[in-house]
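S.K.: Keeping their order, the protein sequence lines are chains A and B. Using my numbering, the first residue of the first sequence is number 177, and each one after it goes up by one. Using my numbering, the first residue of the second sequence is number 244, and each one after it goes up by one.
Calculated from the structure, these hints are not laboratory results. Values in this document were obtained by computation on a predicted structure and should not be read as measured data. Check each hint, because a few of them may be wrong.
Stated by the list, open to error - If you want the footprint, here are the derived chain A segments under chain B, 3+ residues with CB under 8 Å:
1) 330-342
2) 643-650
Stated by the list, open to error - Here are the computed distance ranges between Cβ atoms for each label pair:
3) 579(A) <-> 419(B): 52 to 60 Å
4) 327(A) <-> 385(B): 12 to 20 Å
5) 336(A) <-> 408(B): 28 to 36 Å
6) 706(A) <-> 410(B): 41 to 49 Å
7) 396(B) <-> 320(A): 12 to 20 Å
8) 392(B) <-> 524(A): 41 to 49 Å
9) 470(B) <-> 327(A): 25 to 33 Å
10) 337(A) <-> 419(B): 20 to 28 Å
11) 392(B) <-> 707(A): 36 to 44 Å
12) 320(A) <-> 330(B): 35 to 43 Å
13) 710(A) <-> 385(B): 40 to 48 Å
14) 336(A) <-> 554(B): 34 to 42 Å
15) 346(A) <-> 376(B): 27 to 35 Å
16) 224(A) <-> 385(B): 21 to 29 Å
The C-beta atom is built at its ideal place from N, Cα and C for all residues, glycine as well.
Take a look at the letters that make up each chain.
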Amino acid sequence: MVLLLWAGLPLFGPADLYLRMDPMVLAGTLLSGRVLDGAFWIAFIPALLFLAITLVAGRFFCGWICPLGTCVDLADRATARRRASPLGRPARTGLRRVKYHVLALILGAALLGVSLVFIAAPIPLVTRFFGLLLMPLVQVAAWLGLDAARPLAASLDAGSIYYLKITYDRFGTQLFLLAMAGAVFLPGLLAPRFWCRYLCPAGAIFSIFGRKPIIRRRVSDACIECGLCRKRCPMNAIPADPHDTRHGECISCETCERICPVAAITFPVSGQAEQAGVQSDDGPADAPLKQRPATADNVATTKIKGGDSGSPPPSRGNVPSPPEARVPRRTFLLTGVVGAGTALLAYTDLASPLTAEGKGDPEQRYTLRPPGALPEPDFLARCVRCGECMIGCPTNTIQPIWFAAGLAGVFSPVLEPTRGPCETTCNACGHLCPTGALRPLPLAEKQHAKLGTARILRHKCLAWEEQRQCVVCDEVCPYDAIHLERVEGNPVAVPFVDERRCAGCGFCEHNCPVRAQRAIIVQPAGAVRIASGSYIDEAAARGLDIDLNRPGSRHPGPGGYEGYGPAQGHGYEGSASSPGYQGGQEYPTQPGSDLPPGFSESPGAQGSQTSPPYPAAEPAGNFSRSTSDGGLPPGFSEPPTTPRSSAPPQPRGGRAPAPSGSGSNLPPGFSEPSS
Amino acid sequence: MRRREFLKWQMHGALWLAAGSTVAAPLSAMAQDAVTSADELDVAIAKGAPAAATRAAVELLGGMQSVVKPGQKVAIKPNMSFPQAPDKGTTTHPEVVSALVAMCREAGAEEIFVLDHPLSRAEACLERSEIQAACSAIPNTRVLGLEDSTFYVEAPIDQGEEMRDNAFMREVLEADVLIAAPVAKSHGSTGVSLSMKGMMGLIWDRGVMHYRYNLDQAIVDLNTKLAADLAVVDATRVLSTNGPYGPGLVLNENTVIASRNVVAADAMTVSRFEWYGRRIRPDQVGHIRAAHDRGLGPMDVASMKVREVEV
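Please take these sequences and the hints and turn them into a complete structure.
M.R.: The structure is reproduced here in structure tokens:
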């Protein structure tokens with residue numbers, strides 16, 4: 177139970193420890209991600225350890241460790257009374273093969289570099305189930321409870337309760353998660369541990385490794401063949417003859433040992449000695465395609481039993497029907513091919529981000545990945561969609577997607593800046609990722625990992641389009657990547673994004689007051705996605721200027737006011753900008769001012785009186801005053817009493833008043849001849 | 244450690260002052276006289292270390308006891324909206340805030356709230372601005388960055404011309420005294436962000452002020468509802484350029500400007516320092532001009548009664 181809680185709410189140790197125990201995650205990622213580095217093997221020592229344990233102790237993991245198994249058990253208990261058990265009959269051995277097919281499907285797809293691990297690997301499944309489905313429910317219940325308790329807390333003057341802060345996460349794809357949970361738990365109505373018996377691909381791997389464990393179920397001669405163990409075995413691992421065991425199915429739950437009325441069943445650690453007749457075997461199967469009837473043990477048991485039992489023994493000459501589900505070689509291959517076909521399908525998906533080949537790149541809106549994400553195809557090949565990054569994200573900006581990034585991107589994490597920004601002081605996601613799809617970056621590295629680039633949709637921007645005072649984007653940008661300029665005909669300063677400084681954190685998009693779609697959005701363009709090496713160096717190599725701790729200047733530099741706006745102006749050296757970027761280059765600024773970058777003469781102030789030196793004020797500090805006094809910095813404006821000698825601000829867009837004078841009564845589109 | 248010692252020192256001072264005030268009770272007539280003369284003062288300016296200058300400026304106005312009466316609830320609105328260290332000039336100096344809180348305690352305030360609706364994650368803002376730590380030693384004081392809408396209650400703005408309602412922090416609506424304690428800084432869309440602009444940190448829906456209303460007018464509307472009883476502008480560091488987030492030119496002015504009127508305090512702050520390397524008149528700031536036009540306070544600094552001390 178503790179382990180169960182740990183899966184959703186890691187209390188100690190690496191949070192992804194469970195995920196690293198899952199052999200399906202190991203095998204699938206190994207194959208699809210073509211991972212060969214040592215760090216990966218070290219990360220997956222737990223899985224290798226449990227595979228080794230399985231050689232000795234059978235599917236110990238399934239019975240004792242797997243949190244999904246525990247959940248299935250709990251669900252089974254809840255549904256036990258209603259169970260019809262049509263599939264619980266011992267005869268149903270064919271269904272057991274299904275899990276090998278699931279395994280083959282995943283491995284087949286993995287061969288072509290597409291990770292389908294997420295569809296059935298048990299630990300990612302249960303992590304998603306807990307973290308993305310149950311946790312938010314608990315959180316929101318706590319939040320609602322607290323909200324309801326607040327009046328009481330206020331009346332009791334219990335400020336610490338009143339001001340307690342509980343936030344709850346929200347995630348997309350809830351319905352799909354629910355459906356998947358249903359698919360895992362509801363078949364419990366048909367048979368106990370349905371998932372583990374028939375579907376779980378990790379179970380299949382363990383099953384292959386656990387064909388002939390050293391510690392295994394032994395039945396002594398005291399057996400009265402009452403058949404109770406066979407009936408109660410949750411895994412249907414006991415064949416018609418209760419002396420036998422399908423070891424590949426047995427999860428060592430020891431239910432049979434507990435319920436046996438004559439205590440004939442044991443799971444001895446060193447039981448070999450008494451089993452004189454055990455034939456030496458050439459070890460357990462180690463490859464999925466290697467068919468292992470694993471009847472030796474059965475034969476051995478039969479031998480012993482045959483000697484002194486009064487019951488009619490199975491004839492010695494004919495080996496009884498093998499209790500293990502055969503690994504069906506031919507059909508297994510066939511499913512592998514189907515898996516590969518699924519992978520091909522994923523490649524040809526319209527939204528597939530796997531390749532950038534051909535005409536028309538996929539819509540990249542949904543590949544705004546968390547910091548430290550590997551290059552997209554590698555990322556998707558490694559990501560097992562466990563949801564750890566989403567669970568660990570403090571701002572809840574990491575969200576699962578469904579088909580938005582195609583078949584290969586199901587449940588993969590993207591940033592959703594409208595939900596929250598990528599906190600600059602946080603690097604949790606990379607450290608939670610079990611497979612290295614997100615690199616575990618130190619904080620300084622993470623702060624330089626450019627996620628994308630903010631782009632202003634000028635037609636929606638309050639300042640650009642509606643000439644309103646709004647530069648919330650500038651107000652919240654932690655990287656100082658947005659600067660303001662006055663442009664001709666607009667009384668308010670307008671924002672520009674400096675793509676060299678923009679790290680794509682999404683604070684601007686998150687806080688933009690424009691709704692339906694924000695007027696500034698972070699797009700994946702320009703994201704730095706490197707599989708190895710330093711993001712700081714890479715940013716420097718690409719001519720980026722990402723700096724969270726840009727010093728505020730204390731003195732104006734020789735060229736004016738350093739620290740305000742981009743020091744080099746906004747016409748960046750061409751090499752630094754990728755094509756498609758949108759800077760301020762093309763926009764005409766106010767003419768002829770020697771004001772610091774970002775400043776220009778205010779249209780309303782041209783020709784007006786210059787600001788008189790203020791009597792009560794003294795010059796504070798030694799500044800070199802700007803020689804041009806006419807233009808005002810952004811946000812300031814002349815009082816309306818000031819006579820405006822120059823042209824009034826020209827309203828932009830559709831807000832222009834009808835021109836007066838000749839031609840004004842003509843319908844739109846017509847004009848008087850100029851002569 | 245130094246700050247903690249300083250706070251202790253302040254608390255000792257508070258106790259002595261409290262003792263002194265009980266002794267001085269019979270001389271209330273005289274004190275009353277002093278208050279009256281201080282009331283005539285429009286703006287008090289003190290230069291010096293943050294805490295000392297804050298105290299001096301408020302004392303010039305007649306002391307905190309002229310603003311806060313014993314048993315009252317006080318809401319203080321500093322700027323703690325940015326997860327940055329005090330030296331960046333984007334948040335109110337923690338010692339200015341703690342000095343104000345201490346003075347309110349000395350004046351007998353029952354409960355003091357230091358409130359903001361931060362733009363970044365509240366925990367980070369409260370921690371990095373060092374305001375939470377500075378106030379943690381003072382009893383009956385809560386430093387809160389309220390990010391949950393349940394803490395805000397809808398209320399009308401009776402004198403609002405554009406913005407006629409919004410949701411306000413419950414603590415602010417219930418407070419007897421409201422003190423504005425902004426840091427002096429520039430702002431890209433409103434020129435400067437001082438006492439009046441800072442009131443946007445006490446409401447829930449700020450976006451509406453940008454996309455629906457004229458921002459300058461909406462700020463004035465807001466200040467008709469949230470009329471601060473005292474404005475203490477922290478100009479110990481002035482973020483002269485690239486506000487409000489910076490990084491920009493930080494002027495070390497070591498000044499605290501206090502007034503019973505927010506418009507006067509803001510106008511004086513604008514006129515006293517350089518913005519973007521030049522002089523700006525208060526009437527060149529839209530919301531100050533609008534507040535003046537609507538009779539919220541004076542912006543003509545030349546006609547203000549000003550006293551200035553150096554500590």
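S.K.: Each hint: holds or not?
M.R.: Each hint tested on the structure:
no., hint, in the structure
1, 330-342, "holds (count 3)"
2, 643-650, "holds (count 6)"
3, 579(A) <-> 419(B): 52 to 60 Å, "57 Å, holds"
4, 327(A) <-> 385(B): 12 to 20 Å, "18 Å, holds"
5, 336(A) <-> 408(B): 28 to 36 Å, "31 Å, holds"
6, 706(A) <-> 410(B): 41 to 49 Å, "45 Å, holds"
7, 396(B) <-> 320(A): 12 to 20 Å, "19 Å, holds"
8, 392(B) <-> 524(A): 41 to 49 Å, "46 Å, holds"
9, 470(B) <-> 327(A): 25 to 33 Å, "28 Å, holds"
10, 337(A) <-> 419(B): 20 to 28 Å, "24 Å, holds"
11, 392(B) <-> 707(A): 36 to 44 Å, "43 Å, holds"
12, 320(A) <-> 330(B): 35 to 43 Å, "42 Å, holds"
13, 710(A) <-> 385(B): 40 to 48 Å, "43 Å, holds"
14, 336(A) <-> 554(B): 34 to 42 Å, "37 Å, holds"
15, 346(A) <-> 376(B): 27 to 35 Å, "32 Å, holds"
16, 224(A) <-> 385(B): 21 to 29 Å, "52 Å, violated"
Hint 16 from the earlier list is the only one contradicted by this structure; the remaining hints agree with it.
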